[in-house]
Amino acid sequence: MGDYALLYILFAPFVGALALIFVSNRQAMLVRGIAAGSAFVSLIASIYLFYAYDPVRGGFQFVQKFEWSRQLGISLYLGVDGIGTPLVLASSILLFAGIFVSWHVKDRMKEFYIWILILAAATIGVFMSLDLFFLYFFYEMSVIPMYLLLGMWGSHTKKYLEMTDAEGLKQRDSVGFIFNFGSNSKEYAAMKLVLFLSAFAVAALMGILLIYKYSGLNTFDILVLREQAHLMNIPVLGTTLDKIIWVLIFFGFASIAPLWPLHSWSPVGHAAAPAATSMLHAGVLMKLGHFSIIRVAFEILPETTHEMMPMAAVLCMFSIIYGGFVAFYAKDTKYVIGYSSSSHMGYVFLGMAALDYISLSGAVIYMFAHAMATGMLFAMAGWVYDQTHTRDIPSLGGLSNKMPFISGCFVVGCMASIGMPGTVNFIAEVMIIVGSWNKYPFQVVVAVLGIVLTLAYLFKMMRGLFYGPMDQKYSHSHDAVSAVDRLPLLIMISVSVGFGLFPMHLYNVVRSGVDPLIARITHVVPVASAPAIDSPSPSVQEQLAARGVQLQPERMTE
Amino acid sequence: MFDLTDLLIKLIPVFPLLAVISNGLFGSRYSHEIAHRLAWGSVALSFLCVIGVFADVLSSRVSHEVIAYQWIFGGDLTINLAYLVDPLTCVWLLVVTGVGFLIHVYSVGYMHGEDGFTRFFTYMNLFMVSMLLLVMGNNYVVLFIGWEGVGLCSYLLIGYYYDKVSAAKAASKAFVVNRIGDAGFLLAIFLVFINFKTLDYTKVMAQVSQLSPEMATAIALCLLIGAVGKSAQLPLYTWLPDAMEGPTPVSALIHAATMVTAGVYMIVRNHAIFDMSPIAMEIVAVVGGCTALFAATIGLVQTDIKRVLAYSTVSQLGYMFLGCGIGAYTAAVFHVMTHAFFKALLFLSAGSVIHALSGEQDIRKMGGLSKKIPWTYRLFLIGTIAIAGLPPLAGFWSKDEIMGHAFVNHHYLYYTMAAVGAFLTSFYMFRLTYLTFYGPSRMDHHTEEHVHESPMVMVGPLMALGVLSVLGGLILGFPPDHGWLHGFLAPVAAVAGEHEASAGLILLLMGAATGIALLGWGLAHFLYSASPATAESWSTKFAGAYNTLLNKYYVDELYDFLFVEPTKRLGELLDWFDRTIIDGLVRGVALMADWGSAGSTWIEKYVVYAGLNVIGLGNHMAARQGRRLQSGMVHHYAALIIAGLFLLALVVQLIIQL
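Chains as they are written, first to last, in the numbering used here: chain A, 1 to 558; chain B, 1 to 658.
Since the hints were derived computationally from the structure, they do not count as laboratory data. It is possible that part of the hints are untrue.
Here are the simulated DSS-like cross-link-like pairs (lysine-lysine), alpha carbons at most 25 Å apart as the crow flies [said to hold, decoys possible]:
| # | chain 1 | residue 1 | chain 2 | residue 2 |
| --- | --- | --- | --- | --- |
| 1 | A | K460 | B | K568 |
| 2 | B | K169 | A | K331 |
| 3 | A | K460 | B | K365 |
| 4 | B | K164 | A | K473 |
| 5 | B | K568 | A | K331 |
| 6 | A | K460 | A | K331 |
| 7 | B | K197 | A | K439 |
| 8 | A | K473 | A | K402 |
| 9 | A | K331 | B | K164 |
| 10 | B | K365 | B | K164 |
| 11 | A | K402 | B | K169 |
| 12 | A | K402 | A | K439 |
| 13 | A | K402 | B | K365 |
| 14 | B | K169 | A | K460 |
| 15 | B | K169 | A | K473 |
| 16 | A | K439 | A | K331 |
| 17 | A | K106 | A | K402 |
Given these sequences and hints, build the entire structure.
Here is the structure:
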């Protein structure tokens, strides 16, 4: 397949979704087979991609370009670098695992799988887009399926279930229904999530259009824009244009990450979502935020990034601590994991904010690692919910006896989440913290204490679910015994532990993507001496060469 | 170049690891027999390797550095799975694999017939692997990996009886409290990396003199936080007594002999950094001295046989920290070794008692067991004498050495703390012995009928530990300060500039220590054997003090009040903040959209539509009138057209004229 690897990865799920349209829901095995098969093709291709990606050469590889509109400068331009490659891999692993996690969906399974496949494919599309237009296109495309997945296959939270029918109907019929937090219904969650993310996506779109317009290059091509767009020092509204663009793009994309205080869609969204959707959403969709910020803001506006990122270093602290405390208080399994995810995304922002080789590499590896860890936890929370029909931690307990396999995996999931040595999370955490120390020692201390907090709430949940005496009403619940049920967990665990023990290739790949980027941001030009707009400046490449900065990462000597 | 010792070093952790993999993955497919043979057999093989390595280190006096696996390497960040075996590591390796082997064998008898037998041995072996990595690593990351690994295994094994709420709580508590320490340890690692750009001990220690005193203090204190968590010192000791919820062999192996001494190992390993910071050393000594005294007082009144031993462990670890704090590293390591022998002996004998009494742990319900389980009794007594510090048993030599160092180097306050602690230790240990083995039986009838001596597989390891508890001190540390251990550890733990004590002073101190221990024994004999009524009356006379001690100074309650509750409250507060303020903002925006849409609906309804309606109405009216025009007759139409044309012409004419 070679050069076409990206097309296989991207289009296999689309083709699967298309094929599913023509299958009847009564042929359950065929539906599952098509879904799993297309996910499998995508998975195999991305494993190939991951190992075929050459970290020594670096840069964008497996590039594919199809012109779409010459007048507007839009083309379907695909390619991956060291940052995109592991995220593509994570997406397809989680998609494949998610297909198996939702094996027992009873209601309209075909439609469910169609949306899951589209969701994952769109996510993958963002990770490989080199064209701003298509990056945004795939980004929006990944948000829309969430609406249907939550609204149709989701679940209400406890409060909602406790309402009497009359109360519920009254609330559901009221005009302000979607704005009522107390209702906790899945429809509310779906509406909120999509509206919130779309609203912020529009901000990002404005940023993208401003880049398009003011660069004057008549192209959405990121590689061209990053070399030739001169967006610095254009005065607008009392500030400069690049800052406005940067803020629009940063906060537009940070909403999905989610950076505090833009996280309010996330816990309720996770809680309402079916297991596979939560997995994909917390596992990879959240990373679209960080990835898009890196791909758009870091690549195209390196100087502004250098100037503005300290702000993220402040906000990330709130993310870490705030999310941790709320997770400690939460009583709903998915709320705990949801808030823990938004807390953990703070670590990624910290790694990004430090603008350091090691810390940004750590942030990228953290995204990969967190995808596996949180995927496991959501899959298991989903399993427990399927068995007990509740996510209320105080009413659960003692399930260890009934589900030894799940509880064993849960320990591993918790260990991965807290960055236990031996899981890839540990490496990521250490890299983020080591790399950020020089710039943000205070944040590092907060982050290290945040790890203690993570442990406290995860173990509280672990104890609440699996230890102690069991309520007799859960005596019918059973463990994951069949291969189909165990496979997704085993995949995620082995990936997490495997890369924890053998991280070299992952590390090299990520470094090959991060190193030139950080070199551009930190070594290029101090903002003060940035070239004026009308005087043509040499391209960044030449500037780098003039300063003796190598774009290629140093080759590791053994 | 092939080196047998290097190969042996690499093999040490491999055997238990293979046992973990086999028992963990396929343990359910074969019998318990095979599982336990794999478990203790693998540890025995490791022990043999350790002996080989030890013999080599002993004869050649060379420390070995072996890279087992290159984990992360590249430019600015290199982390290897590499081992460093020097005399210090050798000491720990011998203790961990030697005592570990005995406890594994004992467990075969103790855990016989339990649910999850294979699971137990899997975790135990995993613990061995982690502990070996901890002491063998040549850099901080491997140390940390082992550090976290033993914490995990401790968690899993404390929570072994997972349907017991107390066990589950104790397990979580142990892990969380340990993690607080680990946070400090992680920070220390980062500080080391930032300052030295490497994490290998040898490279760090070579450059350690370049550190500024402030930085040395910062690193040392962060390391100390980690050590305090793992070694259950003030203020993070509360998890260890609760950890007794685990099976007794776990308490012996993890919570007495090996894991909890990791903090001491870490301090001795980094003593070059500590030596640069007198403040940090002082703090280590204060923490150790206070813990030794504090835990001993709690131990006075506890009624659970394992909890008494747990507090005694905390207290003895305090002695080791005190030793480190005053620079007596060799003495501290010496105490680690003897403590491993006698505390493992005590725990395993206690386990044998519990086994005999079908699970009873409350010493108020024991008594008079010396006749019924004679071997357990004799061995427990040996352990008691050893820990109480009576010559010539093991505990005497090591404890005396620490106290002697404190005295000779003019730390009289620490000496007093240690001496009082030693008195209390002797008292509560003999109290425990009297209440358990002497006096009238207080067991209920049913339990009493089933009392039986433990099988050979349990008593055998006890005997081995008994021998070590008797002779260990003499072999390793005689004569004081110039024993074999001092010579062996000289390259790694010697500190220059110590005061040499005269022989007379040494003898005097030894006499004093013996006297203190005898005094404790005497008091215990008086209160719990000669005149039990006095003990009763004292506990009512000093009810306030007695209850404070019984409730462990209310420290758990205090921590709940200070940390756990505020965390919950803060969580609650932030949850409220999240729902009300942050989500309120979002909802506010949404509500504005709602109002906006309501407003535009109103406009649509009453302005736009109304306007249209007015037009429509006008139209309607006009149409009503106009209907008459549409009569359907052609000549009417023709007339209208002509009239219209006239009108049009008139308008055009008007426009042109303007």
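Tell me if the straight-line CA distance from K402/A to K169/B falls inside 25 Å. Distance ~20 Å between K402/A and K169/B Cα, so the pair holds.
Taken at face value, is the distance from the CA of K331/A to the CA of K169/B at most 25 Å? Distance ~17 Å between K169/B and K331/A Cα, so the pair holds.
Is K402/A close enough to K439/A, meaning Cα to Cα at most 25 Å? 49 Å, violated
Given the hinted pair K169/B and K473/A, is their Cα-Cα distance within 25 Å? 23 Å, holds
Taken at face value, is the distance from the CA of K164/B to the CA of K331/A at most 25 Å? 21 Å, holds
25 Å Cα cutoff - pair K164/B, K473/A: Distance of about 19 Å is within 25 Å: holds.
Holds or violated: are the alpha carbons of K197/B and K439/A at most 25 Å from each other? Roughly 16 Å between the alpha carbons, so the hint for K197/B and K439/A holds.
Proposed proximity, K331/A with K568/B (alpha carbon, max 25 Å): Holds, because 12 Å separates the two Cα atoms, which is no more than 25 Å.
Need the status of pair K460/A, K331/A: alpha-carbon distance at most 25 Å? 10 Å, holds
When you check the alpha-carbon spacing of K169/B and K460/A, does it fall within 25 Å? 9 Å, holds
Verify the proposed pairing of K460/A with K568/B, using a straight-line Cα cut of 25 Å. 12 Å, holds
Pairwise hint evaluation, K365/B against K460/A, where the allowed Cα distance is 25 Å at most: 34 Å, violated
Violated hints, in rising order: 3, 12, 13 and 16; the structure is consistent with all others.
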